[in-house]
Amino acid sequence: DAMVIQNPRYQVTQFGKPVTLSCSQTLNHNVMYWYQQKSSQAPKLLFHYYDKDFNNEADTPDNFQSRRPNTSFCFLDIRSPGLGDAAMYLCATSSGRTLAKNIQYFGAGTRLSVL
Amino acid sequence: DAKTTQPNSMESNEEEPVHLPCNHSTISGTDYIHWYRQLPSQGPEYVIHGLTSNVNNRMASLAIAEDRKSSTLILHRATLRDAAVYYCILRDGGSNYKLTFGKGTLLTVNP
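These protein sequence lines map, in sequence, to chains A and B. My numbering puts the first residue of the first sequence at 184, with every later residue one more than the last. My numbering puts the first residue of the second sequence at 424, with every later residue one more than the last.
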């Protein structure tokens, strides 16, 4: 059974039209992460939540926002998608941030296309 | 983050062992060696991790050189389902939460 669920698997949006990607987890993990993976590249961390504490990576563009209304759900909002934002977006969870508790569990990803 | 170097690609035949190398010559004493893999159209998946001693689990084995400057992920009998990109990642033993992915090794398994 899937433990980190991302919906939808494929999302098409228009240039400049806001889009929201969803992630839910059944693991009751404290930490949730969002990664961006462009074609033929490695995943890159955008930000993460430790419970309600939001942590942005220094080079994440302002165009990317996130919300975590409860333990189970986390959303990625792209305010004004550009063509360069077309990518696979991966959600991951871990039970903590210290090494012993930081095996990350990933969802299958949402592939975003921008027209 | 300490850097890792992996071959871009490797090939194997089904049911044969596969040895995936990783060089990490600048590893520090508190860095753990982690391996994740990413199957086509899927998110990454944890495989194994270790510090100094060799490690085994149901998926793979991890052999760590005595000087810790290199390691090898061993798949004992490759199957077609093992075809994936394999990432070798160094993780600080402290509170470093980040997974910093390198380019990884694309493993092709031939039937």
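Treat the hints as calculated values from the structure; they're not laboratory data. Since this is a predicted model, take the numbers as computed values, not measurements. Worth double-checking, as some hints may not be accurate.
[As the list claims (entries may be wrong)] Pulled a few chain A residues facing chain B out of the computed Cβ check, cut under 7 Å:
| no. | residue |
| --- | --- |
| 1 | Pro-191 |
| 2 | Ala-225 |
| 3 | Leu-228 |
| 4 | Phe-230 |
| 5 | Gly-267 |
| 6 | Ala-269 |
| 7 | Leu-273 |
| 8 | Arg-280 |
| 9 | Asn-285 |
| 10 | Ile-286 |
| 11 | Gln-287 |
| 12 | Ala-291 |
[Unchecked claim] DSSO-like mimics (lysine-lysine), calculated; alpha carbons at most 30 Å apart, straight line:
| no. | chain 1 | residue 1 | chain 2 | residue 2 |
| --- | --- | --- | --- | --- |
| 13 | A | Lys-200 | B | Lys-426 |
| 14 | B | Lys-492 | A | Lys-200 |
| 15 | A | Lys-235 | A | Lys-221 |
| 16 | B | Lys-492 | A | Lys-235 |
| 17 | A | Lys-227 | B | Lys-492 |
| 18 | A | Lys-200 | A | Lys-227 |
| 19 | B | Lys-526 | B | Lys-426 |
[To be verified] Label-pair distances were calculated between CB atoms; the ranges are:
| no. | chain 1 | residue 1 | chain 2 | residue 2 | range |
| --- | --- | --- | --- | --- | --- |
| 20 | B | Asn-480 | A | Ser-255 | 38 to 46 Å |
| 21 | B | Ile-497 | A | Leu-210 | 25 to 33 Å |
| 22 | B | Thr-475 | A | Asn-246 | 37 to 45 Å |
| 23 | B | Thr-453 | A | Gln-224 | 25 to 33 Å |
| 24 | B | Asn-480 | A | Thr-209 | 34 to 42 Å |
| 25 | B | Asn-479 | A | Met-186 | 21 to 29 Å |
| 26 | A | Pro-201 | B | Thr-502 | 36 to 44 Å |
| 27 | A | Lys-200 | B | Asn-479 | 46 to 54 Å |
| 28 | A | Lys-227 | B | Pro-463 | 17 to 25 Å |
| 29 | B | Thr-428 | A | Asn-238 | 23 to 31 Å |
| 30 | B | Lys-521 | A | Lys-221 | 15 to 23 Å |
Glycine included, each C-beta is placed from N, C-alpha and C at the ideal position.
Do the hints match the structure? See the list:
About 14 Å separates the beta-carbon of Pro-191 (chain A) from the nearest beta-carbon of chain B, more than 7 Å, and the hint is not met. Checking Ala-225 (chain A) against chain B by beta carbon gives a least distance of about 4 Å; that is within 7 Å, so the hint holds. Look at Leu-228 (chain A): its Cβ gets to within about 6 Å of chain B, closer than 7 Å, so that hint holds up. Contact between Phe-230 (chain A) and chain B, as hinted, is not supported at the beta carbon level, the nearest pair being about 11 Å apart and thus beyond 7 Å.
Restraint check, Gly-267 (chain A) versus chain B: the minimum CB separation of about 19 Å is more than 7 Å; hint violated. A cut of 7 Å between beta carbons decides the hint on Ala-269 (chain A): the least distance to chain B is about 16 Å, and the hint is violated. Hint status for Leu-273 (chain A): holds, given a least beta-carbon distance of 5 Å to chain B, under 7 Å. Of the supplied interface hints, the one on Arg-280 (chain A) holds, with its beta-carbon coming within about 4 Å of a beta-carbon of chain B, less than 7 Å.
Interface hint status for Asn-285 (chain A): upheld, as the beta-carbon distance to the closest one in chain B is roughly 6 Å, under 7 Å. Nearest Cβ of chain B to the Cβ of Ile-286 (chain A): about 5 Å, under the 7 Å cut. The hint holds. Annotation: interface hint on Gln-287 (chain A) holds; nearest CB of chain B at approximately 6 Å, less than 7 Å. Restraint check, Ala-291 (chain A) versus chain B: the minimum CB separation of about 5 Å is within 7 Å; hint holds.
Distance hint between Lys-200 (chain A) and Lys-426 (chain B) is unfulfilled; the C-alpha atoms sit about 38 Å from each other, more than 30 Å. Distance check on the hinted pair: Lys-492 (chain B) and Lys-200 (chain A) sit about 48 Å apart at the alpha-carbon level, beyond 30 Å; violated. Under the criterion of a C-alpha separation no larger than 30 Å, the hint pairing Lys-235 (chain A) with Lys-221 (chain A) is consistent with the structure, at around 27 Å. For a cut-off of 30 Å, the pair hint linking Lys-492 (chain B) to Lys-235 (chain A) is broken: about 38 Å separates their Cα positions.
Only pairs whose Cα atoms come within 30 Å are accepted, and Lys-227 (chain A) paired with Lys-492 (chain B) is accepted, the gap being roughly 25 Å. Note on Lys-200 (chain A) and Lys-227 (chain A): the hinted pairing holds, with a Cα-Cα distance of about 23 Å set against a maximum of 30 Å. With a C-alpha separation of about 11 Å, the suggested pair Lys-526 (chain B) and Lys-426 (chain B) falls inside the 30 Å cut-off, and the hint holds. Checking the proposed 38 to 46 Å range against Asn-480 (chain B) and Ser-255 (chain A) shows it is violated: the Cβ atoms sit about 28 Å from each other.
Between Ile-497 (chain B) and Leu-210 (chain A) the beta carbon distance is about 28 Å. The supplied range of 25 to 33 Å therefore holds. Judged by the Cβ atoms, the range 37 to 45 Å given for Thr-475 (chain B) and Asn-246 (chain A) holds: they are separated by roughly 43 Å. For Thr-453 (chain B) and Gln-224 (chain A), the Cβ-Cβ distance of about 28 Å falls inside the hinted range of 25 to 33 Å, so the restraint holds. Taking the beta carbon of each, Asn-480 (chain B) and Thr-209 (chain A) are about 23 Å apart, not inside 34 to 42 Å as hinted.
For Asn-479 (chain B) and Met-186 (chain A), the Cβ-Cβ distance of about 24 Å falls inside the hinted range of 21 to 29 Å, so the restraint holds. Range check, Pro-201 (chain A) to Thr-502 (chain B): Cβ separation about 43 Å, and the 36 to 44 Å hint holds. Lys-200 (chain A) and Asn-479 (chain B) have their C-beta atoms about 50 Å apart, which keeps the hinted 46 to 54 Å range intact. As the Cβ distance of Lys-227 (chain A) to Pro-463 (chain B) is approximately 19 Å, the hint placing it in 17 to 25 Å holds.
About 29 Å separates the C-beta atoms of Thr-428 (chain B) and Asn-238 (chain A), a value consistent with the hinted range of 23 to 31 Å. Separation of Lys-521 (chain B) from Lys-221 (chain A) is about 18 Å and conforms to the stated range, judged on CB atoms against 15 to 23 Å.
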